[in-house]
Amino acid sequence: MSEVLVLVEHADGDVKKVTFELLTLARSLGEPAAVAIGDVSDDLVASLTAGGADTVYVAAGPEFGQHVVAPKVSALQSALAASSASGVLVPATAEGKEIAARLAVRTGSGLITDAVGVSAGFVAEQSVFGGSTLVQSAVTTGTPIIAVRPNSVAAEANAGAGRRVDLDVTITDADRAAKVTERVAQEKAGRPELTEAAIVVSGGRGVGSPEGFAVVESLADALGAAVGASRAATDAGWYPHQFQVGQTGKTVSPQLYIANGISGAIQHRAGMQTSKTIVAVNKDAEAPIFDLVDFGVVGDLHVVLPQLTDEVTRRKG
Amino acid sequence: MKIVVCVKQVPDSWAEKKLNPADNTLDRDAADAVVNELDEYAIEEALQIQERMGGSDECPVTVLTVGPDKAIESVRKGLQMGANDGVHVVDDALHGSDALATSAVLAAAIDRLAPDLVLMGSESTDARMSVVPAMLAERTGRPQLTFAGKVDIADGVITVQRATDYGYDVVEAALPALVSVVEKINEPRYPSFKGIMAAKKKPVETLTLADLGVEPTAVGLSGAWSSVQEFAARPPRAAGTVVTDEGDGGTKAAEFLAAEKFI
Ligand SMILES: Cc1cc2nc3c(=O)[nH]c(=O)nc-3n(C[C@H](O)[C@H](O)[C@H](O)COP(=O)(O)OP(=O)(O)OC[C@H]3O[C@@H](n4cnc5c(N)ncnc54)[C@H](O)[C@@H]3O)c2cc1C
Ligand SMILES: Nc1ncnc2c1ncn2[C@@H]1O[C@H](COP(=O)(O)O)[C@@H](O)[C@H]1O
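If you read the protein sequences in the order shown, they are chains V and U.
Those letters in the first sequence? Residues 1 to 317, by the numbering used here.
Those letters in the second sequence? Residues 318 to 580, by the numbering used here.
Treat the hints with caution; some may be incorrect.
Claimed, not checked - Here are the simulated SDA-like pairs of lysine to any residue, each with C-alpha atoms no more than 25 Å apart in a straight line:
#: 1; chain 1: U; residue 1: K319; chain 2: U; residue 2: T481
#: 2; chain 1: V; residue 1: K276; chain 2: U; residue 2: A575
#: 3; chain 1: U; residue 1: K335; chain 2: V; residue 2: S263
#: 4; chain 1: U; residue 1: K501; chain 2: V; residue 2: R191
#: 5; chain 1: U; residue 1: K467; chain 2: V; residue 2: A236
#: 6; chain 1: V; residue 1: K283; chain 2: V; residue 2: K179
#: 7; chain 1: V; residue 1: K179; chain 2: U; residue 2: K335
#: 8; chain 1: V; residue 1: K179; chain 2: U; residue 2: L492
#: 9; chain 1: U; residue 1: K519; chain 2: U; residue 2: K335
#: 10; chain 1: U; residue 1: K467; chain 2: V; residue 2: S263
#: 11; chain 1: V; residue 1: K16; chain 2: U; residue 2: T481
#: 12; chain 1: V; residue 1: K16; chain 2: U; residue 2: K319
#: 13; chain 1: U; residue 1: K335; chain 2: V; residue 2: A265
#: 14; chain 1: U; residue 1: K519; chain 2: U; residue 2: M370
Note that these hints are calculated values from the structure, not bench results.
Since this is a predicted model, take the numbers as computed values, not measurements.
Build the full structure now, drawing on both the sequences and the hints.
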């Protein structure tokens, strides 16, 4: 059986959840082989092995993160050359898709992005047009490169052989063209990342003010969730732009999405419609968001959310 | 300094989109067409850079699109906003092109126009792939400065704030370079009446694949490296339960979450 490469997403020494999901998916398509780039510790390799990697290709070194995207493309390309893999899976995050895009150009391979599933023969399922249409696509040229959305499959812990292969990657001058000179963190600490989170609690114009987001954040923290926002809320400056969910923001596909004071415009739905379970709180019974929900409460979020948060905290003990 | 802005014509995002059952491509006639919203931010950024650089003579702005006849409307929109001229690559062979093919055509056009700066949107509202800018950077060998929320240029060095999950990275490169923008970068202007009148006289060059030396077989549906095999409307979600808050709405929501094992 041939190898299926999985681009590892990791930060601060921890493997991101989406990587384990992709390793699980790779197991159904071939032999899972992780490609870990950058700051790769033995612990990281061990955790990839526990997560199902039969092989861990390692391109270690600080330089991979010091330039935009291109050095990582070179690393993934050398893993591809070393493995003769039958396909490559990357997380459908902003950077994952850019790496995939450049790899596709370099290797003359077809690319499919934003898959929500991949079946035998690398047939990718995509949910398009705000979730109204399901499309099955396949790559017809080269090695299939597929960017898969986080939360598309449930990760199963099924340890792999974990053979480590260190790659000798040549980073070219062209790879070094765009230099990262500084990293500025604005993320509110302590919450899961928006695109990865199993639960997302979002607020929209109905939240009313920046301070109003406190009730949204409290519920999120009680549930261990990430916080999202509609464009109306980010445009008003009530919540930072990088938390925007929707067509021009992040696409999320969590197990549970709770929309608060969000009307459910098509551009917002485009970013959350593939969530498994959807709950909404809105004071307008006619709001289109209620067409999507599994459970909805018609009411004032400033009343309903604190009660819900207390109840969640109480039940969690 | 010379700037080229890549704009794409897309179906209006308010309209319902459909795939054409004949060849599984987007049914572009079924919806009104507009300029991809993020591309307006790219045009605005180009115009602001032009103003800082001393105007049209010092820093001409060209709007470039690859698309059917109708796509010239998007070029016009850019000219109305204030860009100086346009280039429209149009060819029957282009129908059904994927991102890889589109980026190859754009690359050929960019090589020919040889600007110091290429500006793009970071995502199109129809394809939603966010891959063309990275592909174009790869193909043209330009530094990739994508997802920019702020752009500064001084002494041939361009610096951007690249949006990330945690905030942003400060990224630096030498010109010539390629930048894609996110929407918080600026507020696009509306064309003025004067701008609309002036746009009518601005030149738009039409190029074919042959003009660019791109093989027709490398693009379009036949040249695509991936293909849609089938599609189906997603089954509608089963109607959910909606309750009206009568002092117990939060409790009822908690009961639902507990029943679904979220708590
Ligand atoms: C090209 C384009 C791209 C876009 N991209 C995005 C995107 O990425 N993401 C996005 O979200 N939008 C996007 N939009 C904007 C989108 O069309 C909507 O304008 C936006 O989603 C509305 O946000 P909202 O639901 O918070 O606000 P509104 O539509 O104003 O809805 C607010 C809701 O809150 C309810 N409400 C008010 N007060 C309370 C209260 N006290 N308690 C409970 N409910 C209350 C109201 O009943 C109402 O339903 C885009 C638009 C365009 C044209
Ligand atoms: N056909 C096209 N003509 C010109 N520019 C395009 C075209 N397709 C994509 N682009 C540019 O690439 C960006 C990202 O598009 P996409 O990768 O399709 O999400 C857009 O915002 C445009 O700037």
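Status of each hint after checking the structure:
{"no.": "1", "hint": "K319/U - T481/U", "verdict": "violated (28 Å)"}
{"no.": "2", "hint": "K276/V - A575/U", "verdict": "holds (16 Å)"}
{"no.": "3", "hint": "K335/U - S263/V", "verdict": "holds (23 Å)"}
{"no.": "4", "hint": "K501/U - R191/V", "verdict": "holds (23 Å)"}
{"no.": "5", "hint": "K467/U - A236/V", "verdict": "holds (19 Å)"}
{"no.": "6", "hint": "K283/V - K179/V", "verdict": "violated (48 Å)"}
{"no.": "7", "hint": "K179/V - K335/U", "verdict": "violated (41 Å)"}
{"no.": "8", "hint": "K179/V - L492/U", "verdict": "holds (13 Å)"}
{"no.": "9", "hint": "K519/U - K335/U", "verdict": "violated (34 Å)"}
{"no.": "10", "hint": "K467/U - S263/V", "verdict": "violated (30 Å)"}
{"no.": "11", "hint": "K16/V - T481/U", "verdict": "holds (16 Å)"}
{"no.": "12", "hint": "K16/V - K319/U", "verdict": "violated (42 Å)"}
{"no.": "13", "hint": "K335/U - A265/V", "verdict": "holds (18 Å)"}
{"no.": "14", "hint": "K519/U - M370/U", "verdict": "holds (21 Å)"}
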